[in-house]
Amino acid sequence: MERIKSFDDLKNRYNTLKALLALRDADEQVKIDVKSLKFTKEILVCAGTGCVSSESPKIVENLEKELKEKGFSDKIQVIKTGCFGFCEKGPIVLVHPDNVFYVEVKPEDAKEIVEEHIVKGNKIDRLLYEEPLVKKRVAKHSEMSFYKKQMRIALRNCGLINPENIEEYIATEGYQALGKCLTQLKPEDVIEIIKKSGLRGRGGGGFPTGLKWEATRKNAADEKFIICNADEGDPGAFMDRSVLEGDPCSVIESMTIAGYAIGAHYGYIYIRAEYPLAIHRLEIALKQSRDAGVLGKNIMGTGFDFDIELKYGAGAFVCGEETALIKSIEGKRGEPITKPPFPAQSGLWSKPTCVNNVETFANVPPIINKGPEWYSSIGKDASKGTKVFALAGKINNVGLVEVPMGITLREIIYDIGGGIRGGKAFKAVQTGGPSGGCITKENLDTPITYENLTSIGSMMGSGGMIVMDEETCIVDIAKFYLEFTNDESCGKCTPCRVGNKRLYELLNQISDGTAPEDVIEKLEVLGNTIKKASLCGLGQTSPNPVLSTIKFFRDEYEEHIKNKKCRAGVCKKLMQYTIIPEKCVGCTLCAKNCPTQCISGKVKEVHKIDQEKCIKCGVCYQKCKFGAVTLV
Amino acid sequence: MSRVIINDIPVEVFKDATILEATKEMEDIYIPTLCHLNLESFNLEHRVGSCRVCMVEVEQGGRKRMMPACCTPIQEGMIVRTNTPEVIQIRRIVLELLLSDHPFTCLTCSKNLDCELQALAKQFGIEHLTYKGEQSTYPLDLSSRAIKRDLDKCIMCRRCETACNDIQTVGTLSGYKRGFMSVVAPAEMKSLKDTNCVFCGQCVNVCPTAALTEINYIKKVWGAINDPTKKVVVQVAPAVRVAIGEEFGLPPGSVATGKLVSGLKKLGFDAIFDTNFAADLTIMEEANELIERLTKNENLPILTSCCPGWVNFLEHQFPDLLAIPSTCKSPQQMFGAIAKTYYADKIGIKPENLTVVSIMPCLAKKYESARPEFIKNNVNDVDFVLTTRELAKMFKEAGINPINLPDENFDNPLGESSGAADLFGVTGGVIEAALRTAYEWVTKKELKDVVFTEARGLEGIKEATIDIDGTKINIAVTSGLGNARKILEKIQSGEAKYHAIEIMACPGGCIDGGGQPYIHGDTTIIEKRMKGLYSIDEKKQIKKSHENPYIQRLYKEFLGEPGSKKAHDVLHTHYYKK
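Chains C and R, in that order, give the protein sequences.
Take the first sequence: its letter number 585 is residue 584 in numbering that gives the first Met the number 0, and every next letter is one higher.
Take the second sequence: its letter number 407 is residue 406 in numbering that gives the first Met the number 0, and every next letter is one higher.
Among these hints, one or two may not hold up.
[Unchecked claim] With the Cβ distance kept under 10 Å, some of the chain R side facing chain C (calculated, not the full set):
hint : residue
1    : Cys105
2    : Tyr175
3    : Tyr574
4    : Tyr575
[What the hints assert, rightly or not] Mimicking DSS-like on lysine-lysine, the simulated pairs with C-alpha atoms at most 30 Å apart in a straight line are:
hint : chain 1 : residue 1 : chain 2 : residue 2
5    : R       : Lys63     : C       : Lys571
6    : C       : Lys338    : R       : Lys63
7    : C       : Lys379    : R       : Lys63
Since the hints were made in silico from the structure, they are not lab data.
Predicted, not measured: the structure shown is a model, and the values here were computed from it.
Every residue, glycine too, gets a C-beta built ideally from N, C-alpha and C.
Modelling step: build the complete structure from the supplied sequences, incorporating the hints.
Written out as structure tokens, the structure is:
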């Protein structure tokens, strides 16, 4: 693409390029005569990591082959987009301008899509999403319960544009926020807009973004840096990856705006090396942006220089902590340091540095374009705008959802998420990843804000949301998260390094039935010490899953400790395999397969399990054809 | 200045001071520390805030938080409380957690009663552990002959890392693995002998526990003393005599030469000799080499070569500069070579029946004695090297308290030395000793004022121009390998034009060597040891190496002239790229 010479030039390009998206404009906001367009139909195929692993590239290949065979190649184009968020039902194929949303598409469905839909104009009913409650198939995704309550700001372009084509980004008014900042606003004005918008850090801390920018701007230095934290690591969370895969230019534009605002001319995107697709798309977007003159030297002819470099993380969770991330970029061991000094004072190479996460950046261009009042009108209390959550666990609609702040957990889980899988009962939802806590049904109607989640013992975190049903053992859940923090602790400070290990060992004793009577008190004292004495956010929050589950499920803990009973049947060591004499026919199959030979009994006589020797492998349970082995 | 309230007392504190610094001068306030280490004389503070033993309550803007006192800067209006019940409980749990991952082998530990973790446990009155569990274990590293790494005892204070990377810029040690298994180790957990470690032992000096200690040769030395077929002689390095007294309650810097000699005799050594004798010998050869190079004006600057830690550093990190150090062996190795040739011959025994033991302030000397260049026909020039600390242990084991013994003199012919030789134990001493001799050799005039103040003091880099009767000589004196690196880089770039440079691996020189009694961060002890050595020089009648009559006799009877072929065969060496 030819270099953009000025903001006006950019706006002119936009006027030409907006036609690119005309067919996809379901709301018909772009007033363009569709007949004048080159293509008559567009088939959008999700090319996010989830759908790619479910063979969406093969779908694209087959669609193109079929279209060529039918002679439609010139009239109908297939476009690879970013993630639609409805990962549970991927791969997703969206046909425009008909606005038909196909789910769980397989490569072999390509033929039918082309023959039936494209050639004959018939919707393929079996590929449409069926609303589980009303058992009705829906073609328009805006009408699906999964999407109805969503509001996509950060994810606005994911599933809309081809992330490997900067022209499509420009067609969404892309880079106009940057152009406006560079030509019409002073850096202080930009900061004021962000402050007014109420945007807060979406990576976990929730610190007001405008204040962070202001603090970094105020620290005078010969050099400053912008860092985009793309070291997403909470279990199950993938919103940052989706933004980078589906809309990389928005992050580049936003970082450049931040650079202008704080007085930096260089930025780093610290991204996990395990995100190859996001890296690939970023590399394309960086090159295209430089070529287009919206990144690099003399951006849009304004004289402002800003460039961005990618730095790969090796997957250490703690490197998502900003000071550890900075150490890692400097080539040192990724370990946090005590704050103060804050990065805004002394960050990368000891220069003032502003670190924001991907989702935070993705919100910035719309705020500049539409104004801070628009943004702050969304949300509730001190939590403005939207938040992306990664829904996972025992929920029907696993996926990525963006909702306005203030929505309740119930709306997310039941309306958007479609309720609990298999019709089971809801037990708890874990938010905030390994730093967060469990929320019970009593708090399902709490409006989601940073402060509310903290007050009910959890936190916003980066937006992981793992739903648990009645078959989940709460001790096991606490163990799961603590095992994660134990693996991911950098080992620098004592409370996190040794304390979390001891916490985990105590939980293990509970699930093994060997814990002392006062174990809960021990867990609480140690957990609170780790929270107060640890060096960084990882350690300071790591006991949350334990402490919050003790708070809300104390009875279940006590059941494990005193009655040696796991109601969910998860803690194997508290369970016993026994043989029901009435059902046992003495076939000897269990005894023959027992690896420890702990089952005794003669042929055609009732067998017995020696509990001392039993290792609870469950082989007898699986092998018995008469249902005579039970787990109690 | 910032106004803060500490334990209800309003105080004014210098801006940027930490809470720990702010409370230093306050009576009745004590904040325990473990990972923190302030090496004031070397302008280096290790404050990573990792152990969390120094936690205090900080109230700011109505919000109370626990913060580490060692690395939290004071801010205007802060309210600090250092001993609330909660603060004390947190410190105690943190300490218990450290202990729960530490072997309970205090009775058989080489740092028993010299361990900072043990001292804290005693101070906190810890009698049982609330939280017990798995302990992290790692392979024991005895690969190097010099430094023992017993990482089961590592508490992740990271002091060794600071010593290795920031002070010495060697870069062998860093954090390894993560979470519960994290420990400080060479990359890929390599054995020390397979790394670029120079064995300076600065890591050992700062280790609060016994994770890093010397490899102990006491048993072997007892074995040699008890072997009737061996004649066992011992040499004592200069820095040992001003430090050994600390192990027996003498004030730091006390000169204990005569008592040391008495004690060594009581231990059963056959002859007590002085490394100082070999230091004088080194000056004869090195001053000769300096004058030769100055006269020809080639291969300058000359670098001193008595410090094996620094030689290792050069071989690993500056292989392009291998030609510039003096080819002189270190005094320890010169002594060994003379003992096993000249002396063995003089007393009529075969070299293999003579055992040479060194008492050194140093760990690199242990490594040096095993270098293949210093082994001939399977006979080491120096058989065993003990540190000052190991010698103290031997004395204690034998029930000998040297400070109660009368002073005795070293044996001859390898026991006499000039005051110049004593200076070898402190940074700047070698170059001062060399200048005393070189001056007289070049000018053929007597040097009246023997003290070269330009070379004295603990400063890391000293530069001066010395006027030797019209000939201007640019000298540099550095100690600490980080400082050495700066000078070496200047030589590489051609930016600096020096004639002679003294380099010692340890900050301050051998008085702060890796084998000296532990100073636990009190660098005033190093200054006192330095003054002790200066005082010995001051009191000696002979102050110039070439005036040592036994040295003169050695040349007459055995070596011929300084720089002779014989001298080269016995006293000089060469260096390798590593």
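Structure-based check of all given hints:
About 19 Å separates the beta-carbon of R/Cys105 from the nearest beta-carbon of chain C, more than 10 Å, and the hint is not met. Below 10 Å, beta-carbon pairs count as interface contacts, and R/Tyr175 has one with chain C at about 9 Å; its hint therefore holds. Interface restraint check for R/Tyr574: the shortest CB-CB distance to chain C comes to about 30 Å, outside 10 Å, so the restraint is violated. With a least beta-carbon distance of about 30 Å to chain C, the hint placing R/Tyr575 at the interface is violated under the 10 Å criterion.
Our distance criterion of 30 Å between C-alpha atoms is broken by R/Lys63 and C/Lys571, whose separation comes to about 43 Å. Between C/Lys338 and R/Lys63, the direct Cα distance comes to roughly 15 Å. Compliance with the 30 Å bound is thereby established for this hinted pair. Using a Cα cut-off of 30 Å, the hinted pair C/Lys379 and R/Lys63 holds, with the two alpha carbons roughly 28 Å apart.
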